[in-house]
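Protein chains: 4
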Amino acid sequence: MGMIGGGRNAFIGGVHRIAANMDGLIELVCGALSQDPENAKASGRDLFLNEERIYTSYTDMIEKERGLPEDVRMDFVSIVTPNHAHFAPAMAALENGFHVVIDKPIAFTLDEAKQLQQKVSETGLLLCLTHTYSGYPMVKQAREMFKNDVFGKIRKVYVEYPQGWLSKLSEKEGNAQASWRTDPSRSGKSGCMGDIGTHAAHLAEFISGLKITKLCADLSIMVEGRALDDDGNVLLRFDNGATGILVASQVAAGEENALTIRVYGEKGGIEWAQQEPNTLLVKWLDAPTQVYRAGANYQHLYPVASQNCRTPGGHPEGYLEAFANIYRNFALALTSRNDGTEAGNNAFEFPGAAEGVRGMAFIDTVVASSAAEQKWTDFVV
Amino acid sequence: MGMIGGGRNAFIGGVHRIAANMDGLIELVCGALSQDPENAKASGRDLFLNEERIYTSYTDMIEKERGLPEDVRMDFVSIVTPNHAHFAPAMAALENGFHVVIDKPIAFTLDEAKQLQQKVSETGLLLCLTHTYSGYPMVKQAREMFKNDVFGKIRKVYVEYPQGWLSKLSEKEGNAQASWRTDPSRSGKSGCMGDIGTHAAHLAEFISGLKITKLCADLSIMVEGRALDDDGNVLLRFDNGATGILVASQVAAGEENALTIRVYGEKGGIEWAQQEPNTLLVKWLDAPTQVYRAGANYQHLYPVASQNCRTPGGHPEGYLEAFANIYRNFALALTSRNDGTEAGNNAFEFPGAAEGVRGMAFIDTVVASSAAEQKWTDFVV
Amino acid sequence: MGMIGGGRNAFIGGVHRIAANMDGLIELVCGALSQDPENAKASGRDLFLNEERIYTSYTDMIEKERGLPEDVRMDFVSIVTPNHAHFAPAMAALENGFHVVIDKPIAFTLDEAKQLQQKVSETGLLLCLTHTYSGYPMVKQAREMFKNDVFGKIRKVYVEYPQGWLSKLSEKEGNAQASWRTDPSRSGKSGCMGDIGTHAAHLAEFISGLKITKLCADLSIMVEGRALDDDGNVLLRFDNGATGILVASQVAAGEENALTIRVYGEKGGIEWAQQEPNTLLVKWLDAPTQVYRAGANYQHLYPVASQNCRTPGGHPEGYLEAFANIYRNFALALTSRNDGTEAGNNAFEFPGAAEGVRGMAFIDTVVASSAAEQKWTDFVV
Amino acid sequence: MGMIGGGRNAFIGGVHRIAANMDGLIELVCGALSQDPENAKASGRDLFLNEERIYTSYTDMIEKERGLPEDVRMDFVSIVTPNHAHFAPAMAALENGFHVVIDKPIAFTLDEAKQLQQKVSETGLLLCLTHTYSGYPMVKQAREMFKNDVFGKIRKVYVEYPQGWLSKLSEKEGNAQASWRTDPSRSGKSGCMGDIGTHAAHLAEFISGLKITKLCADLSIMVEGRALDDDGNVLLRFDNGATGILVASQVAAGEENALTIRVYGEKGGIEWAQQEPNTLLVKWLDAPTQVYRAGANYQHLYPVASQNCRTPGGHPEGYLEAFANIYRNFALALTSRNDGTEAGNNAFEFPGAAEGVRGMAFIDTVVASSAAEQKWTDFVV
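Residue numbers (the numbering used here), protein chains in the order written: chain A, 1 to 381; chain B, 1 to 381; chain C, 1 to 381; chain D, 1 to 381.
Since the hints were made in silico from the structure, they are not lab data. Check the hints yourself; a few may be wrong.
Derived DSS-like pairs: lysine-lysine, alpha-carbon spacing no greater than 27 Å straight-line [stated by the list, open to error]: (1) LYS153(C) with LYS168(D); (2) LYS172(C) with LYS172(D); (3) LYS168(B) with LYS168(A); (4) LYS172(D) with LYS168(C); (5) LYS172(B) with LYS168(A); (6) LYS41(B) with LYS267(A); (7) LYS147(A) with LYS168(B); (8) LYS214(D) with LYS214(C); (9) LYS267(B) with LYS168(A); (10) LYS211(D) with LYS211(C); (11) LYS147(D) with LYS267(C); (12) LYS168(C) with LYS147(D); (13) LYS172(B) with LYS153(A); (14) LYS211(A) with LYS119(A); (15) LYS114(B) with LYS214(A); (16) LYS267(A) with LYS172(B); (17) LYS211(A) with LYS168(B); (18) LYS147(D) with LYS153(C); (19) LYS172(A) with LYS267(B); (20) LYS267(A) with LYS114(A); (21) LYS267(D) with LYS168(C); (22) LYS168(C) with LYS211(D); (23) LYS267(C) with LYS172(D); (24) LYS172(C) with LYS267(D); (25) LYS114(A) with LYS211(B); (26) LYS153(A) with LYS168(B); (27) LYS41(A) with LYS153(A); (28) LYS147(C) with LYS168(D).
Interface residues of chain A toward chain C, partial, derived using beta-carbon atoms under 10 Å [what the hints assert, rightly or not]: (29) ALA10; (30) PHE11; (31) LEU281; (32) VAL282; (33) LEU285; (34) ALA287; (35) GLN290; (36) VAL291; (37) TYR292; (38) ASN297; (39) PRO303; (40) SER306.
No residue lacks a Cβ here, since even glycine has one placed at the ideal position from N, Cα and C.
With these hints in hand, go ahead and build the complete structure from the sequences.
Structural data, given as structure tokens:
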């Protein structure tokens, strides 16, 4: 793996490295860790990289690595830069035969996303989009339950993602994360919805197996002086007729990262909360709620849930393990592809370009809807 | 107290009686407990009523009681009939000098509600509307915190009220509660929103101290064959610029009565869940969440919260006590009025005609909005 | 009902009155509410008692009431005095033909308890001991599950009752409750174990259906200057070979009334916490934990659980309703006895003299064990 | 790092590898992964080890590695074998100049533990004992709070560790973990207390800063046919006069790994549960309970808590991160030692030989106490 972005003071790059390290399947062999050459070098040394594989630009990295022997050069790049700097390195990597992992959202615009999807399709290379929350075993369990029609027709989806960390104008107080995420030139046309609303939308579609067909959005800038939405409420309609609510906020003071989803069918439904991710509540119309637990050894868990755990029940796994599941599944899929064996089951599942395109379309649609007079705006890709 | 409705097989009448009994301040002295004379009589005997004060119509009861000596006759009526039968007895009681307690919603239409409000104003009699959830001590605590501006300007209100009990077409299977609540001729123009959405809307305004100014509703009938909405999602805007979400459902299979509210201000906010009502979570932007508990003896509780508890912390009080608080506060206010003393503080607080009018206006507005093409519909009374 | 004790400034008397009022089955008709005649009279007027039935001593009350016509006089006394003043009025009531309700513990000494048990047996009158926690519907559900051998042989019982309210020397700071409860001349030979340890021991035996056969106690006085134990830990052995732990503390600073019990059998077990009493966790060796809920309408609840609820699931009932269940069951049993019909099922269940005797024996045994050198002390009645 | 044990089918070896991998500070360079040469080789290849550094015995590994250049050879061994095979490789490693990490308990007997402690002292090498639970950030926070006397004198410690996985005679049904853990020749003189009771005892002392001085144990074999205790209850006394309870069970059917601790001082206390490890409840006598959260950015967290987190609040970290904290702190301490710099603060903290000796003494003492007639047995090292 070669990393693009993620130098000192970055946040998500470190997370990607831990996730890639965890299972001993992936080795960080090179990096273009910062646009700032000094930072790039210092960061590379921090990570014990070989001095000649600490690059100061991604173009340099891709070119040099391409020239190395196959068993030495990186297999894929991991792109952990701000949103405006996803497309160019991803396209360059794909054009030069490298697989790609990208932190979400996939790109800066829907058009870029579609170009990447097209390129992936042309090259047959793998593109993995780190919608972390889909890596949790209990999320996979929930998805399987709906796939297997355990609850009857889905009627209602609630998904909410409240955070409080942008309750003040932190982008003006030296907070680097706040700075780029609230800046239209680096983050894109939406702040809160692009950053976390896309996670919520992806999770809703991932678990329910439904597609959003139209929506009605009310985005707000709650903190004076901010340039992008920091709060939003969205009514949803799905392709089977189900209704939904998606709420995302970065000004819900006192909340951490409280992504929660509930999906109700005719006979029951599920509730999952990211902050206690090893529990899946399974609710029934005519019977007591059940508490499904990750890592448990009972027959109620689908194999895909168990395969994405590392420890027995009661040994809590968390965000980093969910992230590592994305990487592990990507690595296993890559190995399987390189070995010429087919990845046989959805234990190797990870989000890709199609999900990336839907994420960008979601951003476009909520922004358009929020500005519109009419109630419903169609969600089209 | 004389009760109208609430005979055998009714639900809410029994709750009203328990609530009225609990503190030993109110005595049930007569009743017109059913339109069916047999049921009326049997029900009256069940309740140990004096045979001659078991009436078979409310008109009869009001007339006869009016003729009794002041220290014998009922002081007020409690109306616990289905929605379409609230207005007439309430108006008759007021016109004959009796105070009134009415189960919510106050009436069948907004116009009826306004007439009652007008009559209350003319007569100076008391009208109490049993928006139960406002009777919980931790709800009162939350309201006081916002009144005292503990959290800064409110930015966001989430209120949700999921139930699952109408997940099937129970109104066709002999469920009496389901039958009238889904029948437009007895329930009114909305089902779910009239039944529980009004509670949610009242709670949001009660705690936040804000008023809804416009909304965008998406009501649905999820169960085929049903005549009224059984599910709805609503975007809200409040008079201070805050946004909100109100969700109510009676087809959230597996949910009981999961009314929950969260209100966020600039510095923090609150979360309260009706099913664990003795806890109020108080969240802070820069400090650990605090768990306020009903009945606790620390200085963090406002007097109004403590005055609405009967036991020390750790002795859970619930729905019936909240209901009893409405009755107790009404009884104390009545005594205070009769004694010529002014009810000195909001320990005697209970919802009244104004809240009833807003509730009916809420129903009208969500129904209109749901049918509209445009996003926003003004909430006007 | 005639009440002995429970005047102004008392705690538990008010709880008894609410419990007795709640269901409209019991009327407070007289009282000897305080030893202080002024307090007795003022308290009686607070409660709207008929002036001539406000007594200033229980002997006077019993004598006068006995002389009243059968349909006027009280049916039973409710004794809510401190522990040292339970025996004499209870014995006097029984000797004069009145049934008795007593707040626990039944008496001041084991010998008194046995005398009361003997007198009950001789007279055939009813004696009800208000071990409140056995009145909760989910406690009754748990008991039924063990009665029906749902979990196989019981292996382990944990019961704990931590409170924090005696963390300071409050008895020297004017706290009336603390004053008598820590005073050997009014409370008995144990403080914490007598006050709340007895509740825990009763609950353990009530739910499990087992009997404690020996124990090993470590009682402490944690607050300097206190005269009775305020903390204790006890190892238990039960008659089927199960082991157990009983912990009670009144110096667990920050705890309210956190009575919790867990009982494990071969195939699973239960967990119940008094502060969230409407939930019973049902755990399984090979399946997800289930969340049983009071008032739910599924078939998993035994009738006795449903019969002790007043509202549907999601309308939380609490401590006062549990207390009221004791009174209601007592009242129904009394009616059934008076009507000559047999109380047909355990919906009418309430603790009585036998439980009172075991409670006093528990106190004797823990105190003896705590002073002993040897590990085990037999629990004998 | 060279690993001893942890081949295919082992449990804890994989956990150690993930923990060591996670932060990119430690590289697995060699292993003697199984006594079975075939398994050793296959396991080494699974882990991408260099073929010539896949050893088939630890003695071979230590000898060969010792001969490699300093910058190539392993720095330390990680011993993840069953308990009876801890001492010999640990002693061999120390004698040959290698630092040591050992899964707990440190050895098979107290005497072995003392020999290791002595050898560590002589050689000045580092020995790290993986008492995982002390690696959690909220455990470290709790410890710091008591160190800083936030709650006044400690009065009571509850620690409990219920599991249910040995509810059946699994050791006879081919469960490899059950097999060695219930076998006196591999596990030691205690089963449940050695396996998990030692964790509980360590956690109690680690957080409270107190030492157990005497105890009274009641160990049981609940599953017929088992050779070692699978359940135990212990009364504790601490060196400051505090009392305590320690409960450990492997037959609490339905429990996973529910280690929980509560410590109460004069002014308040803490509660921490391993299954939701990112939350620390901080309770107060006179104020609302606070919910401290790992990764939060408020000033209420001590630096040692923050330094042992990898992500911001709301991104749950778990068991593997706690384990990784032990390894990271060990690695940082090793680097610091090698660089000649002093480890400046307790961010580098990890349990060592002294804790190992106390753990073995705990096992000896509970076993002796359980067999004794007298109540108290002194805890001496």
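These are the hints, each one checked on the structure:
A threshold of 27 Å between alpha carbons decides the hint, and for LYS153(C) with LYS168(D) the separation of about 13 Å falls inside it, so the pair holds. With a C-alpha separation of about 61 Å, the suggested pairing of LYS172(C) with LYS172(D) is violated against the 27 Å cut-off. For the proposed pair LYS168(B) and LYS168(A), the alpha carbon gap of about 46 Å is over 27 Å, so the pair is violated. Of the supplied pair hints, the one linking LYS172(D) and LYS168(C) is violated, its CA atoms being roughly 53 Å apart against a limit of 27 Å.
For a cut-off of 27 Å, the pair hint linking LYS172(B) to LYS168(A) is broken: about 53 Å separates their Cα positions. Restraint check for LYS41(B) and LYS267(A): the C-alpha separation of about 41 Å exceeds 27 Å, so the hint is violated. With a C-alpha separation of about 22 Å, the suggested pair LYS147(A) and LYS168(B) falls inside the 27 Å cut-off, and the hint holds. Using a Cα cut-off of 27 Å, the hinted pair LYS214(D) and LYS214(C) holds, with the two alpha carbons roughly 21 Å apart.
In summary, the hint linking LYS267(B) to LYS168(A) is supported, as the alpha carbons are separated by about 9 Å, within the 27 Å threshold. Straight-line distance between C-alpha atoms of LYS211(D) and LYS211(C) comes to about 35 Å, which puts the hinted pair past the 27 Å bound. The straight-line distance between the Cα atoms of LYS147(D) and LYS267(C) is roughly 42 Å, outside the 27 Å bound, and the hint therefore fails. The suggested pairing of LYS168(C) with LYS147(D) holds, with an alpha-carbon distance near 22 Å, which does not exceed 27 Å.
With a CA separation close to 21 Å, the supplied pair LYS172(B) and LYS153(A) stays within the 27 Å bound. A threshold of 27 Å between alpha carbons decides the hint, and for LYS211(A) with LYS119(A) the separation of about 24 Å falls inside it, so the pair holds. At roughly 38 Å between alpha-carbon atoms, LYS114(B) and LYS214(A) are farther apart than 27 Å, so this suggested pair is violated. Distance hint between LYS267(A) and LYS172(B) is fulfilled; the C-alpha atoms sit about 18 Å from each other, no more than 27 Å.
Between LYS211(A) and LYS168(B), the direct Cα distance comes to roughly 25 Å. Compliance with the 27 Å bound is thereby established for this hinted pair. At roughly 44 Å between alpha-carbon atoms, LYS147(D) and LYS153(C) are farther apart than 27 Å, so this suggested pair is violated. For a cut-off of 27 Å, the pair hint linking LYS172(A) to LYS267(B) stands: about 18 Å separates their Cα positions. Between the alpha carbons of LYS267(A) and LYS114(A) the distance comes to roughly 38 Å, so the proposed pair goes past 27 Å and is violated.
Straight-line distance between C-alpha atoms of LYS267(D) and LYS168(C) comes to about 9 Å, which keeps the hinted pair within the 27 Å bound. Proposed proximity of LYS168(C) and LYS211(D) is supported: the alpha carbons are some 25 Å apart, at most 27 Å. Proposed proximity of LYS267(C) and LYS172(D) is supported: the alpha carbons are some 18 Å apart, at most 27 Å. Between LYS172(C) and LYS267(D) the alpha-carbon distance is near 18 Å, which keeps this suggested pair within the 27 Å criterion.
Simply put, LYS114(A) and LYS211(B) have alpha-carbon atoms about 44 Å apart, too far for the 27 Å limit, and the pair is violated. Taking the CA atoms of LYS153(A) and LYS168(B), the gap is near 13 Å; set against the 27 Å cutoff, the hint holds. Straight-line distance between C-alpha atoms of LYS41(A) and LYS153(A) comes to about 55 Å, which puts the hinted pair past the 27 Å bound. As the CA atoms of LYS147(C) and LYS168(D) are separated by approximately 22 Å, the hinted pair is consistent with the 27 Å bound.
Hint on ALA10(A) is violated. Least Cβ distance to chain C is approximately 40 Å, over the 10 Å limit. A hinted interface residue such as PHE11(A) counts as satisfied when its beta carbon comes closer than 10 Å to some beta carbon of chain C; here the least separation is about 35 Å, so the hint is violated. About 8 Å separates the beta-carbon of LEU281(A) from the nearest beta-carbon of chain C, less than 10 Å, and the hint is met. With a cut of 10 Å, the hint placing VAL282(A) at the interface with chain C holds, because the nearest CB-to-CB distance is about 7 Å.
The criterion of a C-beta within 10 Å of any C-beta in chain C is met by LEU285(A), whose closest approach is roughly 9 Å, and the hint holds. At its closest, the beta carbon of ALA287(A) sits 5 Å from a beta carbon of chain C; the interface hint therefore holds under the 10 Å criterion. Taken as an interface hint, GLN290(A) checks out: its beta carbon lies about 4 Å from the nearest beta carbon of chain C, inside 10 Å. Satisfaction of the interface hint for VAL291(A) is found here, the shortest Cβ-Cβ separation to chain C being roughly 4 Å, below the 10 Å cut-off.
The closest approach between the C-beta of TYR292(A) and any C-beta of chain C is roughly 5 Å, which is under the 10 Å cut-off, so the hint is satisfied. Given the 10 Å rule on beta carbons, the hint for ASN297(A) holds: about 8 Å separates it from the nearest Cβ of chain C. Restraint check, PRO303(A) versus chain C: the minimum CB separation of about 17 Å is more than 10 Å; hint violated. Given the 10 Å rule on beta carbons, the hint for SER306(A) is violated: about 14 Å separates it from the nearest Cβ of chain C.
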